[in-house]
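Visitor: Here is what each chain is made of, one letter per residue.
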Amino acid sequence: EPEVTQTPSHQVTQMGQEVILRCVPISNHLYFYWYRQILGQKVEFLVSFYNNEISEKSEIFDDQFSVERPDGSNFTLKIRSTKLEDSAMYFCASSERARGGTGELFFGEGSRLTVL
Amino acid sequence: GQSLEQPSEVTAVEGAIVQINCTYQTSGFYGLSWYQQHDGGAPTFLSYNGLDGLEETGRFSSFLSRSDSYGYLLLQELQMKDSASYFCAVRSPLGGGATNKLIFGTGTLLAVQP
Numbered sequence: 001e002p003e004v005t006q007t008p009s010h011q012v013t014q015m016g017q018e019v020i021l022r023c024v025p026i027s028n029h030l031y032f033y034w035y036r037q038i039l040g041q042k043v044e045f046l047v048s049f050y051n052n053e054i055s056e057k058s059e060i061f062d063d064q065f066s067v068e069r070p071d072g073s074n075f076t077l078k079i080r081s082t083k084l085e086d087s088a089m090y091f092c093a094s095s096e097r098a099r100g101g102t103g104e105l106f107f108g109e110g111s112r113l114t115v116l
Numbered sequence: 117g118q119s120l121e122q123p124s125e126v127t128a129v130e131g132a133i134v135q136i137n138c139t140y141q142t143s144g145f146y147g148l149s150w151y152q153q154h155d156g157g158a159p160t161f162l163s164y165n166g167l168d169g170l171e172e173t174g175r176f177s178s179f180l181s182r183s184d185s186y187g188y189l190l191l192q193e194l195q196m197k198d199s200a201s202y203f204c205a206v207r208s209p210l211g212g213g214a215t216n217k218l219i220f221g222t223g224t225l226l227a228v229q230p
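Protein chains in written order, with our numbering: chain A, 1 to 116; chain B, 117 to 230.
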């Protein structure tokens, strides 16, 4: 069964360092998303991406964040200068379509980011 | 603002039926979804209501009332493996349809006891 894969599963970094989280969405999906979940809290929307550009972003997704689809398979989230409060689980998700159907998002297992 | 409220915890016994409620207040609404999350892992899709009424998928059912901004997830014949966090999520695409953003609720931790 196709799945969304994410790397690394866990990354520890020093405050102020740059981090790149990688995702391989399901191959025939066209819409890609990043969400984050601080431990014990709800899943929060960061950004959606379609047709090689950002479709929508939340207020969390400020200038220190960027996303890119550098080739036909990878989808990356870059955090330029990490802060302690960026420590969270980051989930990548993809969907086949935006309208119609159930709108099911397929999530990866997440990348746990720890900022020291 | 946008908010989706759920009870924080629910406890039930194996074989029982449990209902998890969700009330929402969002600026856009296209439907209500439910996701299950085990131990902080990948949220997985359970059910979706685009229209008012009840949707049934095996042991799980979900209900929506758009006029009341309310929905619930009903889990029947509870099993130990159902112990997990359950999130309601409002599907909120932009007008152009180029996103399928989900706004998640606060989550309900379900503990199933023997």
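Don't take each hint at face value.
Unchecked claim - Examples of chain B residues toward chain A, derived with CB under 10 Å:
no.: 1; residue: Ala-132
no.: 2; residue: Phe-145
no.: 3; residue: Gly-156
no.: 4; residue: Ala-158
no.: 5; residue: Arg-175
no.: 6; residue: Phe-176
no.: 7; residue: Phe-179
no.: 8; residue: Ala-205
no.: 9; residue: Ser-208
no.: 10; residue: Asn-216
no.: 11; residue: Lys-217
no.: 12; residue: Ile-219
Source of the hints: derived by calculation from the structure; they are not laboratory data.
C-beta atoms are modelled at their ideal positions from N, C-alpha and C, and glycine is treated no differently.
Visitor: Compare the structure with the hints numbered earlier in the document and write down the numbers of the violated ones, lowest to highest.
Guide: 1, 2, 5, 6, 7
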